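Number of protein chains: 2
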Amino acid sequence: MAHKPRLQGPGILVLCFLLGPTLTAAQQPALSLLPVPAQVQAESGSLRVDSSFSVAFTGYAEPRLDRAADRFLRQLAQQTALPLSLKPTKNAKATLIIQTEHASKEIQEVGEDESYVLELSATGAKLTAATPLGSMHGLQTFLQLVNASADGFAAPAVTIHDKPRFPWRGLMIDSARHFIPLDVIKRNLNGMESVKMNVFHWHLSENQGFRVESRKFPKLHELGSDGLYYTQDEIREVIAYARDRGIRVVPEFDMPGHSTAWFVGHPELASGKGPYEIERRWGIFDPAMDPTNEKVYKLLDDLIGEMAKIFPDHFFHIGGDEVNGKEWDANPKIQAYMKAHDIKNNDALQAYFSGRVQKLVVKHGKIVVGWDEVLVPGVPKDIVIQSWRGQASLALAAKQGFRGILSNGYYLDLGWPAARHYAIDPMSGDAANLAPEEKQRILGGESCMWTEYVNPENVDSRIWPRNAAIAERLWSPQEVRDPASMYARLDFISARLDWLGLTHKTYYRKMLERIAGPSSPEEFAALRTLTDLVEPVKEYTRQQTAPAEPTSATPMNRVVDAVLLESDAGRHFGELVDQYLAGSCRDLALADRLRTQLALWRDNDARLQPLAHRSFLVKEVAARSQDLSALGAAGLAALEAIAKGQPASDSWKSQQLAVIEQAKKPRAQLLLIPAPAVQKLVEAAAAGGACFAAKP
Amino acid sequence: MAHKPRLQGPGILVLCFLLGPTLTAAQQPALSLLPVPAQVQAESGSLRVDSSFSVAFTGYAEPRLDRAADRFLRQLAQQTALPLSLKPTKNAKATLIIQTEHASKEIQEVGEDESYVLELSATGAKLTAATPLGSMHGLQTFLQLVNASADGFAAPAVTIHDKPRFPWRGLMIDSARHFIPLDVIKRNLNGMESVKMNVFHWHLSENQGFRVESRKFPKLHELGSDGLYYTQDEIREVIAYARDRGIRVVPEFDMPGHSTAWFVGHPELASGKGPYEIERRWGIFDPAMDPTNEKVYKLLDDLIGEMAKIFPDHFFHIGGDEVNGKEWDANPKIQAYMKAHDIKNNDALQAYFSGRVQKLVVKHGKIVVGWDEVLVPGVPKDIVIQSWRGQASLALAAKQGFRGILSNGYYLDLGWPAARHYAIDPMSGDAANLAPEEKQRILGGESCMWTEYVNPENVDSRIWPRNAAIAERLWSPQEVRDPASMYARLDFISARLDWLGLTHKTYYRKMLERIAGPSSPEEFAALRTLTDLVEPVKEYTRQQTAPAEPTSATPMNRVVDAVLLESDAGRHFGELVDQYLAGSCRDLALADRLRTQLALWRDNDARLQPLAHRSFLVKEVAARSQDLSALGAAGLAALEAIAKGQPASDSWKSQQLAVIEQAKKPRAQLLLIPAPAVQKLVEAAAAGGACFAAKP
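Line order of the protein sequences matches chains A and B. Quick note: the first sequence uses my numbering, first residue 1, plus one each step. Quick note: the second sequence uses my numbering, first residue 1, plus one each step.
The shape of chain A in the complex, shown without the other chains (with noise of 0.2 Å):
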C-alpha cells in the first residue's frame, strides 16, 4: 500500500490526445469489444440470436463450465430479454459449440493457457479454447457481441483468436480500512470477469482492521475489526466463486506495519508497549511487529499455515509497506538487538523480517508477493514485487531477477481519468529497455481500490467503469491505445456492468436524493447540473483539504463522495471546445451548443439556491455552484466576443481569467472540470488568432 507514487507523464500526453478532434470513421470501434481482442477478422453477416439460441459443450466437461453455461444464458437471456431456453443441448446443432480441450490446473496458476478461438458465422458460432480459462473467457466476448441490431438481436460475423499479453490481471480491493461486504466483493468478481481479469488481490489487514476469522488466533478478528470480518465459510464461498470466473485470489496481510488491528487482541507482536486500539485516523502509522521476537514468528508460523490452507492460491501477499520504524527506534531492546546481531538499519531489520517471513510462507508451500520495501539485498529471487513505486523500480526487479506487477498507475482511488491509466504500459519506460527474458518477469499490473474515502455505497463508482480500461491495458496488444476508442467501449460496458450488479451508475442518483432531501423536479436537476461538471479533489489532497480530520467513523454523505471520479460531461464539454476552436470557430451550429449549455450552467446557482437554504449537504457546494455559473457567464462573454470578430480587450481577458482562476480552485473537495474549457474560450476571444481571422 502506498500513498506517493509519482505523476506518470505518459498519462498526460493521452489526456492531451483525448481532448483533440473527434475521432475519424476509421478510428471508430467496429465492435464494442472491451477488452480488444488479440486478432480479430470482421466477416460479412451476422448471427442472429433468437429464443431458438441454443449452446452445446464438446470435448473436456467439467462442473464448472457447466454453472459457465448457466451464467452465460442466464446473462444473455437478461441482455435480450428473449425466453432462451436455460440448459445446454447435447445438439450438435446449436448455435453455439464450445469444444474444451483439457482441464486447467486444480489450482489457477500463472500463465495457464487463457487462449480461446471463435469463430461466428450467420449460420452458428463456434468457441475453441484449451482449458476452461479460454472457454469462459470467450463466452464474455460472445455475450459482448450480441446487440439489438437493425433487424433482431444479433453477433456480427468475426474470427477471433484471442490471448491475453499478460499472465497476472489484477484487481486490489482494501476491505480492511472500510469493511466491504461479500455481496459487493461478489459483483465486483462478476465486473473482472466479464473484462477478463484474472487475480482478485484481497487486503485483508491493516491499522484500521483485520477482517479474517482465525481459529488459532481469535484475538485478531474478534478485537481488531468492530465485527465486520469474513468468516472463513465466506472466505470460501468467494474463492469457489471466483474460480468459477477464471479468477485467482491472492490474499494479503500486510507486516510488520500496517498492523495496529492485529495489536488490540496481541499487543504482545508490537514493537511499542500499547495498549491498542484499532485505528479511526488515515496515514501511515507508527505500530509495527517486533522483528526481534520469536514470538511474531511464532504466531505467524501458526497463521499463515491456517490462512495458507484457506486461500488455495500458491501466492501470498505479505505487504511489507510503508513502516516507519518509530517504534523500532524507541524500544531498547530492538536497538539491542540490532546492535548484537549487527543489523545496521531499519532498512536491513525490515529485510531481516521479510527473510524470516517468506521462510515461513515457503514452508507452507506459498510463494511470496510483497510491495516494493521487500525488495532489499538478499531477499531470495522466488518473490513477487508489487510495485506502487512505478515502472523504473519494476524494470529494476526484473534486472535482478525478480518477478513483478505493476500497480504505480493504477491507483483506482487517486481520481485519474481512465484515459490516464489507459496510457500506463507496464512494459513502458525502462521496462521497454529490458533482455526479452528480463521482460517476462513482468507478470502484469494491478490496479488498487483503496477504502479510506470509499464504502460498500460507492465502491462500484469508484471501480468502475475506470478498471475496465486497465483491464483493457493488462489484457489487449500494447498497440491498442486509442483513449477515444476506448472510451465509448467503455460506455458501453459501463452498462453491461450495470446489469451484472454492479451500482457504479445507481448510487450516484440516490446518493444525490439523499443530499437533497425533499426537492423540486427543477431543484434536483439544477443540482445533478452541478454534480455532473464535479469530480474530487485528486492523488492524496483529500485528506488534506478536508473539512474536519477525516476517520472511520465520518459519514460518507457529501457531494463529494456521491460525484463520479470522472466527469463525462465535463470532459464532454471539453472535446466540444477543442473542436470549436480547430475549425477556427466557424461552426455556428457548435457555437449554439456551446451557448446553450453555458447559459444553462449560467443560470443554474439561482435554480439550486432554495436547496441549498435547505440542505446542510447541498449548502456546502453553493459556492461551487456560484462558481460554475461564473464559468457559464465567462463562456458566454467569450462567444460573444468572437461572434463580434473583434479580439476582447486586455482588461476583459483578466478579469475573465480571473473568475476562472478561482473556479479552477478546488472547494468542497470538488474540481469544476470545465474551467480549463472555458478558458480556452476566453482566450481565444482575446487572441488575434485564427477564429479572428476567418470572420468576415
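Note that these hints are calculated values from the structure, not bench results.
If chains are identical, the list can't say which one is meant, so a pair holds when it fits in one copy or spans any two.
Straight-line Cα separation of at most 27 Å, DSSO-like style, residue types lysine-lysine; simulated pairs: (1) Lys186 to Lys510; (2) Lys295 to Lys216; (3) Lys510 to Lys87; (4) Lys186 to Lys505; (5) Lys333 to Lys295; (6) Lys219 to Lys87.
Note that this is a predicted model, so its numbers are computed, not measured.
Once you have looked at the hints, place chain B on chain A.
Using the frame of chain A, we list chain B on its own:
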C-alpha cells in the same frame, strides 16, 4: 380479475385540477409525509439526528418489535449515512422512545388498532401505540420526517395523532400470468410497509400458471407452472416477512374459471374434454371447473385444507370472476345436471359452485373473499366482495349486508396517472349515501397489479410510485386530496422506495440501454428525451394494438415495456403551458423555457435517427420520434405567432391541428403525452383571446 372497468368521472376532474396554475405556498406540503397522517400539529424547532441517535422500547415487547427496531435503525443509517448504533438501548434518555401498550392478535385481524401518536420535539421523540402495528407505522412516519436540513440531518418538531381511515389497504400482485420471484415480492412488501398498506393479496393461480407447491396434489404445480412456483417454505417465509411489517397475506385461488393450469395435471376437474395445456395467451378462456362433479369438491376440500394451514389469514380468496360458461354449455352431463336440479342458468350454476366452495372454506376456518361475480342471491352474508365492477356495485353489496373492498379504479396495469387513482374514493358515488352501519361494511380497497405485460424487470415500475397515491387514499382522511401536493410527495417517496430496493427508478434506464445497444451519449440522450415523453397505451388496448398476438413468451424488451406508466416530463410540460396561458402569455421567461423545450424536441429526431438505423427496438419508435419533432415545430410556431401579437390564420391552425391529431394517435403502442398541451398553444395562437388582448 377483471378487464373492463368503467372510466371514473372524478379522475378526469382531478386531472383538470392538476393541470391548473402552480400551487400557493399554503398548498405546498409542509412535511413530506405520505400517507398524510390523520392529525398533524406542527411545533417549532427540530430534532437533530446525528450519530448519537438512540432508540429505546418500553412497555410491551416481542421479537417482532426487535426486528422492526433493527430495520428502522438500518434504514435511518442508510438514509443519513451516519454511523448509528444499530442496537436499541435501555436508556430512558434515548432520542426516540417507543411505548407499545399490548400485543396485537396472533393472527392479524381486520380492524385491529393501528393508531399511534408521535410527539417530536427539539429534545427527543416519543412514539406511543396500542399495538406493535401502530408502533411500526409510527416508525415509518419518523423515517419520512428525517431529512437533510440546513444544519445536519433533522426531523421537524411535530405532534402527530394518526390512524387509518380504512382497515383494509391492500396491494394485489398477480404472480400467475408472469411468475414474480420471491425477492421481488419481498421488496414490494418493503414498499407497502413504508406507505402503511396492510394487505398483500397474492393471486396465485390462473390459466397461465398454478404457482404454489401442493403436497397433496403435486401435479397442480408440477404440470401447471413450468417449474415456476413457490415452495411451501417460501410461502411461509413471505408470510413471516409480511407479518413483520404489519401486513396480512390473503391468498387467491381463482375458480371455477381462470383455471386452465389446474387442468394440465387434473383434467378430471374441468368441464371440457381436455387434454389441457398451460395457457400462453391473454384474455378470457373457456376452461372452467365442473360444478356438477363431486370430485371437484373433494379435491378442493383437501386443497383448501392444505392451503388454509399454510396461510394463517382469516380470509381466503376464491376468485370467481369471468366465467364465460362455454364449457358448461357444451357439456351434456352438466346440462342434464342443471335440468335435474332446477339450476336455471350459468349464473345460478356458478352460485351453486360458490356456495359449495364457501362451505369448504368455512369448514377450514376461513372467510371467503371473491370478486363481484360471487355475489348472487342466496350467498351467505359472511363473504367479502372485492369489487372490480365499481363503487355502485360495492355500495349495493354493502346495502345487502356484505362487506366489501374496492378495486375498481385501482387497477395499476391500466396505466392511469397517479392523480386519477388518487381521486377514486371508496366512499364516493353511491357509497356516499349509505347509512352509517352500511358504510362500516366498506372495509377499504386494493390496488391490483395484473401481469400480462409485467415481469420481474418492470413490475416495480408498474406498481410504484403510483401505488403510494392509492395507499394515501386508503389511509388518510377523505379531505386529503390535493393532487399537486400528492405529486410533490410522491417524488420524494419514490426516492425513498428506491433505497428500499425497489427498482422502479433503475430498470427504466437499464432497459433503454438494452434497447439502444452501443450508442453515443448524444444518441442515448435523444432516445431518453423521446421515451421520457411517452406512455404505453392505456386501459385494455395493449392487446388490440399489439404487432402480433402477445403471449407469455413474448419478449418484454420494447420501448413500451421500458417506459414509465406516467410521464413526469409530459406532465410538467402541461403544467408549464397552463401556467403560461393562465398568465395571458405575458411571462416571457416562461415562454423562453417552453421554446427551449420545444426546440429540443424539434431537433431530437435527427439525433435519434442513427440509432434507429442500428437497433430494431429503436426503429420501432422512429415514427413516434418524428411525431415528437413535429409537435416541437408546431409548438414553436405557436409561440412565434403569439409573440407577433396577431392571431394566426385558420389555415395555419388546421395545418397544426392535423400534426397534433397525428401525434395523438398511438404508435408503437405509445402515447405522446405533450400533444394536448401543444394543441392548447396552437389554439391560443389562433384565437383572439387573452394572449393577444394583452399584447401591446
